[in-house]
Amino acid sequence: GQIVFVDTPGFFKTQPSRLVHNLHHRVRDALEGIDVVVHVVDPTRSIGPEDRMVCEMVGHVTQPKILCLNKLDRPERPFRQDWLERGPQYAATVEVSALQGKNIELLVQAILRHLPVGPAHYPAGQVTNVTNEFWIGEIIREKIFLLTGQELPYTATVQVERVEDRQTKQGEPLLYVQAAVLTTDERHQRMLIGAGGRKIRDIGAAARHELEVAMNKKVFLDLAVLVDQDWVERLR
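Quick note on the numbering used here: the sequence shown kicks off at 1 and runs consecutively.
The set of hints was computed from the structure by calculation and includes no laboratory data. Since the structure is predicted, the reported quantities are computational estimates derived from the model, not experimental observations. Among these hints, one or two may not hold up.
To be verified - The calculated DSBU-like cross-link candidates involving lysine-lysine, where the alpha carbons are at most 30 Å apart (straight line), are:
1. Lys-102 x Lys-169
2. Lys-102 x Lys-143
3. Lys-143 x Lys-199
4. Lys-217 x Lys-102
5. Lys-217 x Lys-199
6. Lys-102 x Lys-65
7. Lys-199 x Lys-218
8. Lys-217 x Lys-143
9. Lys-102 x Lys-71
10. Lys-169 x Lys-143
11. Lys-169 x Lys-218
12. Lys-199 x Lys-71
13. Lys-71 x Lys-169
14. Lys-169 x Lys-199
15. Lys-143 x Lys-218
To be verified - So the derived label-pair ranges between C-beta atoms look like this:
16. Glu-210 x Asp-165: 43 to 51 Å
17. Gly-196 x Ser-97: 36 to 44 Å
18. Glu-142 x Asp-165: 20 to 28 Å
19. Asp-222 x His-114: 14 to 22 Å
The beta carbon of each residue, even a glycine, is placed where N, CA and C say it ideally should be.
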């Protein structure tokens, strides 16, 4: 069978803003027209306000819901039982390790059991419907998240301006990427750049490494950090 996975933005509790409103609106929009909800949780962390917000929203969904407990590879998951006690609200519960790929096939089978029969939406072999620019931008955003903390990525976005196939001086394939990290104020710009430009270099190096592994070629990542107070408005 064919499964089309629809990812949602993060659902988080923070100071109200137009950006937060837009992101939460996109989460709710993503739940419309889908056949199965997979609720992925982290049992190494206590159930907090954001988790309860998601549980409440998922509770109102009429489609089948699957509870997916991640980090099965971790020796200690102290809040596993807290999540398992919520299991009766779901059609199935599956424990996986996204890091090691453990039990992913069990999750896929659970999804297939609850999907309706229908025609394939995409040709066999197509793995995504997003552009290279979007995919590259998401990789850079992920590195921002990992290297600057959880709050800053929601005040920044990545605009990939150019992706070109080139060659190195030795004639090897090279992917040239020009991208800008857009943030809403100068304070966040300084945080992203870091002392002596160290932070943005670390972000660029981490993103470049993942791109090179995924694409099996050298990548030149030309990355800038710019202040653009209107980028949130353009999400509307």
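- Non-conforming hints, listed in increasing numerical order: Checked against the structure, the hints that fail are numbers 1, 13, 16, 19, while the rest are satisfied.
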